[in-house]
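Given the coordinates of chain C, work out where chain X should sit on it, guided by the hints.
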Amino acid sequence: MSALKRTALHDLHIELGAKMVPFAGWEMPVQYPAGVMKEHLHCRARAGLFDVSHMGQVILRGPGAAEALERLVPVDVAGLAPGRQRYAMFTTEDGGILDDLMVANTGAHLFLVVNAARAELDLDHLHEHLPDVEISHPTGRGLLALQGPGAEAALAALNPAVRDMRFMDVAEMELVGATCWVSRSGYTGEDGFEISIPGTMAPRLARALLENPEVAPIGLGARDSLRLEAGMCLYGADIDETTSPVEAGLSWAIQKARRSGGARAGGFPGAALILRELEDGPARLRVGLLPEGRAPMRAHTPLFAGEDAAEPVGEITSGAFGPSIGRPMSMGYVPAAMAAEGTELWGEVRGKRLPVTVAALPFHPTSYKR
Amino acid sequence: MKYTEEHEWLDEADGIVTVGITAHAAEQLGDIVFVELPEIGTEVTKDDEVVVIESVKAASDILAPIDGEIVEVNEAIVEDPAKVNEDPEGAAWFFKVKPAEPGQMDDYLDEAAYKAFIG
Numbered sequence: 001m002s003a004l005k006r007t008a009l010h011d012l013h014i015e016l017g018a019k020m021v022p023f024a025g026w027e028m029p030v031q032y033p034a035g036v037m038k039e040h041l042h043c044r045a046r047a048g049l050f051d052v053s054h055m056g057q058v059i060l061r062g063p064g065a066a067e068a069l070e071r072l073v074p075v076d077v078a079g080l081a082p083g084r085q086r087y088a089m090f091t092t093e094d095g096g097i098l099d100d101l102m103v104a105n106t107g108a109h110l111f112l113v114v115n116a117a118r119a120e121l122d123l124d125h126l127h128e129h130l131p132d133v134e135i136s137h138p139t140g141r142g143l144l145a146l147q148g149p150g151a152e153a154a155l156a157a158l159n160p161a162v163r164d165m166r167f168m169d170v171a172e173m174e175l176v177g178a179t180c181w182v183s184r185s186g187y188t189g190e191d192g193f194e195i196s197i198p199g200t201m202a203p204r205l206a207r208a209l210l211e212n213p214e215v216a217p218i219g220l221g222a223r224d225s226l227r228l229e230a231g232m233c234l235y236g237a238d239i240d241e242t243t244s245p246v247e248a249g250l251s252w253a254i255q256k257a258r259r260s261g262g263a264r265a266g267g268f269p270g271a272a273l274i275l276r277e278l279e280d281g282p283a284r285l286r287v288g289l290l291p292e293g294r295a296p297m298r299a300h301t302p303l304f305a306g307e308d309a310a311e312p313v314g315e316i317t318s319g320a321f322g323p324s325i326g327r328p329m330s331m332g333y334v335p336a337a338m339a340a341e342g343t344e345l346w347g348e349v350r351g352k353r354l355p356v357t358v359a360a361l362p363f364h365p366t367s368y369k370r
Numbered sequence: 001m002k003y004t005e006e007h008e009w010l011d012e013a014d015g016i017v018t019v020g021i022t023a024h025a026a027e028q029l030g031d032i033v034f035v036e037l038p039e040i041g042t043e044v045t046k047d048d049e050v051v052v053i054e055s056v057k058a059a060s061d062i063l064a065p066i067d068g069e070i071v072e073v074n075e076a077i078v079e080d081p082a083k084v085n086e087d088p089e090g091a092a093w094f095f096k097v098k099p100a101e102p103g104q105m106d107d108y109l110d111e112a113a114y115k116a117f118i119g
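Protein chains in written order, with the numbering used here: chain C, 1 to 370; chain X, 1 to 119.
Because the hints were derived from the structure by calculation, they are not lab data.
Capping the alpha-carbon separation at 27 Å, the derived lysine-lysine pairs in DSS-like fashion look like this:
no.	chain 1	residue 1	chain 2	residue 2
1	C	K38	X	K83
2	X	K57	C	K5
3	C	K38	C	K369
4	C	K19	C	K38
5	C	K352	X	K57
6	X	K96	X	K115
7	X	K83	C	K19
8	C	K352	X	K83
9	X	K46	C	K352
10	X	K83	X	K57
11	X	K98	X	K46
12	X	K115	X	K46
13	C	K5	C	K19
14	X	K57	C	K19
15	X	K115	X	K83
16	X	K98	X	K83
17	X	K83	X	K46
18	X	K115	X	K57
19	C	K352	X	K96
20	X	K96	X	K46
21	X	K57	C	K38
22	X	K115	C	K19
23	X	K96	X	K83
What the simulated footprint calls covered on chain X by chain C, stretch by stretch (three residues with Cβ under 8 Å from a Cβ of chain C suffice, anywhere in the stretch; the number is not a length):
no.	segment
24	32–43
25	46–56
Only part of the chain C face toward chain X is listed, based on derived beta-carbon distances under 10 Å:
no.	residue
26	G35
27	M37
28	S225
29	P296
30	F321
31	P328
Since the structure is predicted, the reported quantities are computational estimates derived from the model, not experimental observations. Just so you know, even glycine gets a beta-carbon here, dropped at the ideal spot from N, CA and C.
One chain only, chain C, in its complex shape:
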């Protein structure tokens, strides 16, 4: 087993008393002394600072880079305006998801943020299929997320220009003397920012933000409960090579231009399957699930249509306690006929069938600055 990689903020995490764990080949803070519950609630009430430097940052340069990337994603990249970002996924030939990612058009190039565990695979995939595009992977950069209702004020104290950004805007700007790539987005359902910064300057930015009493450091534990309350997918849990974007409820990310009849319809891996599924509807769907009672239903909990039904109809892919909703919550896949809100199902936990109800996502309302 190779040594775990450390982010530029490693010493700061130790200083803050973080509990460090291995995650996708990185040594990452899972929680700080406050603990997952308090960190989660702090982020919803004030502002949370996350080190997400383990995520892969990729730059695509060259004329036609956007059109080229469209060969790998079912997303309208060519129509993405300068200064804007959108959610995307690399699809497989079988219509599954190789990875999900953010794509930004900085005006000068495309900037991608991909999952840590899939970064190498994604890079190979890009090199193989986009030989005409200049691909770089700036590993020396850190990535910080600042999330929560206090995020704007905290970041504006370092550069007031961030106030002019709307949800999914991207901009290059100076923060603590470093040239940063800032997007108004995140993985919590809250308003907030993600900031790419040279690794050598990342501790300075993190410390400047943490000096603000509104800002607290948040670990991966609370990052997971925050994203689950916001109804967002975790790659490797809720989506993977066996789930299609349509089944995963991510059809909203496939713009008109790439659908049947669109200006640049299809042309991505698995297009025939995915486009047909968009029209006919998928056989199964990712749904929100609220267990009755207090017992969390975690990933891989089998789902049944009845208390005594012999065969499972689906499975939970993510499950945890939701600190802001004060109850357990899950997501999972069920047959399309059982995907309507209010459908009552059963989850088997420790050999016992417990009732669980299909529920609307997100569990906790999002508060983006549109």
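Same frame as chain C, but now just chain X:
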């Protein structure tokens, strides 16, 4: 007070043993969000899984530290599992067990030995 290497504490009074988890265990588990306790009257054997607790991280089992009968359970921690993090060695006890025979706790750790055990 006695302690097990499974991070339970046992407090014997008037022939009844009260069982809970140590502050060290509660801290390691993180925020506790769910507790399932045995039914009163259950006859348990040492190492039976008698309690399920779930923290924000994962589910864990609490094993019966001795043979005996469950005579009382602490419903307050079922209603509010966070109490286990707040006062694990006091108000947030788990269950009371009437030992099947005396002397079953003799081999467990005393406080000094438990402190040495957790380092």
